[in-house]
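Trainee: Can you make the complete structure from the sequences, with help from the hints?
For the protein sequence lines, the chains are A and B, in the order given. Going by my numbering, the first sequence opens with residue 41, and the numbers climb by one from there. Going by my numbering, the second sequence opens with residue 29, and the numbers climb by one from there.
In case anyone wonders, no lab produced these hints; they're calculated from the structure. Given the structure is predicted, the values throughout are model-derived calculations rather than measurements. Careful, some of the hints might be misleading.
Keeping only pairs whose Cα atoms sit at most 30 Å apart, straight-line, the calculated BS3-like set for lysine-lysine is [said to hold, decoys possible]:
{"hint": "1", "chain 1": "A", "residue 1": "Lys119", "chain 2": "B", "residue 2": "Lys189"}
{"hint": "2", "chain 1": "B", "residue 1": "Lys189", "chain 2": "A", "residue 2": "Lys380"}
{"hint": "3", "chain 1": "B", "residue 1": "Lys389", "chain 2": "B", "residue 2": "Lys189"}
Where chain B lies over chain A, by a calculated footprint (3+ residues, C-beta under 8 Å) [what the hints assert, rightly or not]:
{"hint": "4", "segment": "129 to 137"}
{"hint": "5", "segment": "213 to 222"}
{"hint": "6", "segment": "229 to 236"}
{"hint": "7", "segment": "690 to 697"}
Short, incomplete list of chain B residues facing chain A, as computed with Cβ under 8 Å [to be verified]:
{"hint": "8", "residue": "Glu355"}
{"hint": "9", "residue": "Ser434"}
{"hint": "10", "residue": "Met438"}
{"hint": "11", "residue": "Leu439"}
{"hint": "12", "residue": "Ala498"}
The C-beta atom is built at its ideal place from N, Cα and C for all residues, glycine as well.
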Amino acid sequence: MSWVVPSLWLIPVLPAVAAGVIALAPRRCRRFASGAAIGSMGVSLVLSLVAFMHTVGLVSRGAESRQVFNFTWFQFGDKVLPLGWVLDPLSAVMLVMVCFVGLLIFIYSLGYMAHDDNFTRFFCFLALFAGAMLGVVIANSLLLLFICWELVGLTSYLLIGFWFHRPTAAAAARKAFITTRVGDMAFLIGMVWLYAGTGTLLFYDAGKGCLETTAIHSLVMRATGVGMAASTGISLLIFLGAVGKSGQLPLHVWLPDAMEGPTPVSALIHAATMVAAGVFLVARVYPLMAVTAPEAAPPAIQAPAVAVAGQTERAGESHGATSQSHEGQHGGAPVSTALKVVTWTGVLTALFAASIAVAQTDIKRILAYSTVSQLGFMMMGLGAGGVAVGMFHLITHAFFKALLFMGAGSVIHGCHEEQDIRRMGGLKAFMPVTYMTYAVGMMALSGVPLLFSGFWSKDEILHAVQAWPVSSLPFVLGLAAALLTAFYMTRQMAYVFFGPCRLKHSASHGTHSKRAESTPHESPRVMTVPLIILAVFAVLLGFFGTPVWPWFQSFLEGRAARIDAGRLFTVGTLGLIGLSTLVVFGGIYAGWRLYGRRPPRKAEAADPLEAIYPEGYAVLRNKYYIDELYDLSVVRVTHWCGRMSDWLDQTLWAGAVRLVSFGFVALSWLSRLFDEYVVNAGFDQGCRKLITGGSGFSRLQTGRVRHYLGMLALGFVVLVLVMLWRWRP
Amino acid sequence: MSLSYNDTVLSLLIFSPLVAALVAGFIRSENGLRWFTLLVTAALAVFSLPLYSRFDPSTADFQFLINSEWIPALKIRYAIGIDGISLLLVLLTTLIMPLCVLASWRYITTRVREFMICLLVMETAMVGVFCALDFILFFVFWEAMLIPMALLIGVWGGPRKVYASLKFFVYTMSGSVFLLVAIIALYVQVDSWSIPEMMGRPYSEGFQRWVFLAFFISFAIKVPMFPFHTWLPAAHVEAPTAGSVLLASILLKMGTYGFVRFALPITPAAVQFFTPAIMWLSVIAIVYGGFTALAQTDLKKLVAYSSVAHMGFATLGIFALNKAGLEGAVLVMINHGITTGALFIVVGIIYERLHTRELDKTAGMGRNMPIFATFAGVFALSSLAFPGTNSFIGEFLVLAGGFQVSKSMMLFVVPGVVLAAAYMLRMLQRVAYGGTRNPDHSGVKDLCFREIATLTPLLVFVFWIGLHPAPFMRVMETSVQKVLQQAQAGAPVAATPPVAVLP
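Mentor: Here it is in structure tokens:
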């Protein structure tokens, strides 16, 4: 199977080529476009599965599971800039996930976008996105990753603005691009720094890569001006890129607005794959993030203990620890600053976004904030528990969140483009398949115990933060976020699928007014079958990462997994399972009590929570006024600066130029006067006056430039003379 | 003297446009003139291509040399030749010229003959500047360029053409005066006008500083560097499309080319002394240009200010004085020529259809012009240095080079890069996509074959350099190396060795 790694490039290139071909095809070739996109994605999926099985084989044989293929892109000076790709458990898992979810969403789009005029363009963008995303996954060079990363951002921009004739969509697209670009520029600077520090951007290169011990060793020993290690500075800058892409605080504002795009896009890009790219990036550069310098020891004397949490299994005392170490996950190793930042960002985002989701009424926006919150969970898992913990949630989340978004799309489709949950209700009866699959997704997201994948992956994260030696606060906040998750999902279910149908009363506006009079309907088979498949996976995936059989975790660490039921029955594990079960059911109960028992009859009825606590509800409903705050600060200041520098340009700099030229003109007038009245004094003055009398004004006009140039020449001669005299040979 | 390709190519490239300009004087029909100029410029473009394959990238010496007497009494010689850096710029010039003719096909309807003659004379002067190895010869071409350019603006320009033309002429002219002073001062020291002979001489440091300042004023106006940039928006706004394209693609490069060709090798000690100040000016230009571009509503002004920002990258890279920086800067020069030239053609296409360049009035053209929107989108992305397009590699290398000099300075560049996204997307969004509240452009036709033919070569280069820059890096390699050696070896005690990474 040695051909697998060298031909890995086919996986991203196939959809990208398909995108190019579709772009050239005329607009009416709809079947060709969708066929090319789905076909290329299918082949990529097959190749991904082959690559995945290849890696599984390597891991089970205990062989080195990371294989790279590098090549030179271009040379400058004596330096080469190589690119390459890597097949390791991390990329293998991501490949399969992206291809699989992507393929299902492509198929689903056949139904969802069937009536759109720009069907071919849509598939072109989708395929391009898939190619770029797969490029991010297999990149073995931070530069290649960055290139694909930006391309992913571009397709996201194009797809959010797909219905560009809607002003909101166009604005949302631009907001997404620019917000993420803020993070990306930090990423770029971090990358440049990394390059300056290690001389390479390859991750793995037979010991010379920037994630391998030698390079990291040199970075961690190097202090920066502000007293942190270079590795910390670089990690934080790269993390800022991830913050932008994964919608973490404070750059989360673009993600909810991105829901202006078509729903398959929301499912594929803004829930399952692209936004997870940030989490993936952190996982990819994890060795850099996790490295810590030995404390309080002069670097020259003591050799650094390059400790990479999650890879070393050392049990021991954690300094300042408040909780016990958990199964040696990262016992005594000190937690690096970068990982602390990652964890705290994740925790705050998880809670913050979950609380906003409670008060939203747009079905997709609720899911969007839920995505932000879940991405926070992933970051939390990465920061506190290591690559496997975060990545497991990433994978399970990709499936159930894609399921939820496509379910939401099905609901929107069935309700004739209605997105407000207050105007839905009772859809259980009309759309049984959507209802059942949506319920599975909701339970997976809420983390209903034992059967659903979301439970196991979230539990893993909570487990990790519980054992986090730095602070115990994230554990409490994480539980609170989990409670809110269960609450808002129950609220949404109650609004959408239960109670009376509130659709007919209000849906008579918009372009679909004719069809809107009819009742909601179930979506076609091409949309429901992907839902069912995803629902099955939303359940099944959990069993690959239970404490009994932590296959996923072992696989990512390159070890074969063993079944050990004993691990489940330790006090810590069981206790946490009990606690999180309690939390989930608490949330569901609260949600059901408020929304499910007495469902609102009318769409205009106040939200029950609003009735209880209107001020708090208003704050949440307005998303803590973050958008308004940014509008007042960043946006205003930028535009003010723009106007300011424009004004400077027109007054100060142009004024300075004018002043200089006036100076010259004044001088030339002086010289003219001198010429006329001193040099030429008495010489037929009267005659000259006669001539100038009538045409004085025009003389002034033409004389100006001539005199000006004359003065230039004079000055030039003086300068030459000065210089000649000053440096005579 | 043999008449092989290598011996004659540069002279032919320089003087055949001049001959063609003479011939054009006798052509009556307007279409005949257009075709004639197009054929001449296209033929020259094709004729210049073998330069690349015959160029020997392994040596930093000047190639395709011609060195013969011109005015013996004054020791002025006709000396021309190119190295890797000027090779790329010559090729850029010959490539852009036919596109300029195509872009003016319908735009210019009055005095077509004079217009084409101006274009041809411009080509002579521009190629001459990049090839000249004798300082007087260089200066002749340098000044000769101003007249046709000022005419292009002043005769075929917009409503305030006379003002803009005069401002352009006087502003750049006053810069040239300083250049001439520097040239004469150098001549007095070296007793030769030969540019290669002036390099690497042990001038005193005080002398170098004065000469450098004279260079600086002249080149900084040409680039234009902040705060000498105010002539640029005025000139761009009034110039016809071809004028804007030539101005942005080629003329601005003369400033940065001057820094690389003269300032660095001839006055290395002064360069070391002034580098921090110039780097900061470049950073200011990047951020300031970005902010100002964001505030513009006139498309040409927007692109003009983006030019200021991009050229800031070029000067930043040059004065980083390391390999990554300088190679990046040369690449930025080429890229800017391609991308900004293309953007001006795009703006010209809009103007030909709507007779306005106001952002609000041009909105929403993309709905009826999908091909146009695609082209505009690619060039806008290239302008904001999107990875995979040409500008990214140039700016990445410049950042990498600048980073080796000062980390904190690079942090100040970041807002400029984000701003580039902001103003370019703002433009793209309005022009290509636009909302429903905009005027109806349903009568507007999409690009015709001629316009597609104008933009396609530039599109090819956007992706070629973006995805496979190796052929372009290869030829400039040793030349850049030599410039750097001269810039560093010549530096006396005051110069600190380049620090790889600051602690």
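Trainee: Work down the list of hints and note, for each, if the structure agrees.
Mentor: Results for each hint:
no.: 1; hint: A:Lys119 with B:Lys189; verdict: 48 Å, violated
no.: 2; hint: B:Lys189 with A:Lys380; verdict: 61 Å, violated
no.: 3; hint: B:Lys389 with B:Lys189; verdict: 22 Å, holds
no.: 4; hint: 129 to 137; verdict: violated (count 0)
no.: 5; hint: 213 to 222; verdict: holds (count 6)
no.: 6; hint: 229 to 236; verdict: holds (count 5)
no.: 7; hint: 690 to 697; verdict: holds (count 4)
no.: 8; hint: Glu355; verdict: 5 Å, holds
no.: 9; hint: Ser434; verdict: 11 Å, violated
no.: 10; hint: Met438; verdict: 6 Å, holds
no.: 11; hint: Leu439; verdict: 7 Å, holds
no.: 12; hint: Ala498; verdict: 4 Å, holds
Of the numbered hints stated above, those contradicted by the structure are hints 1, 2, 4, 9, listed in ascending order.
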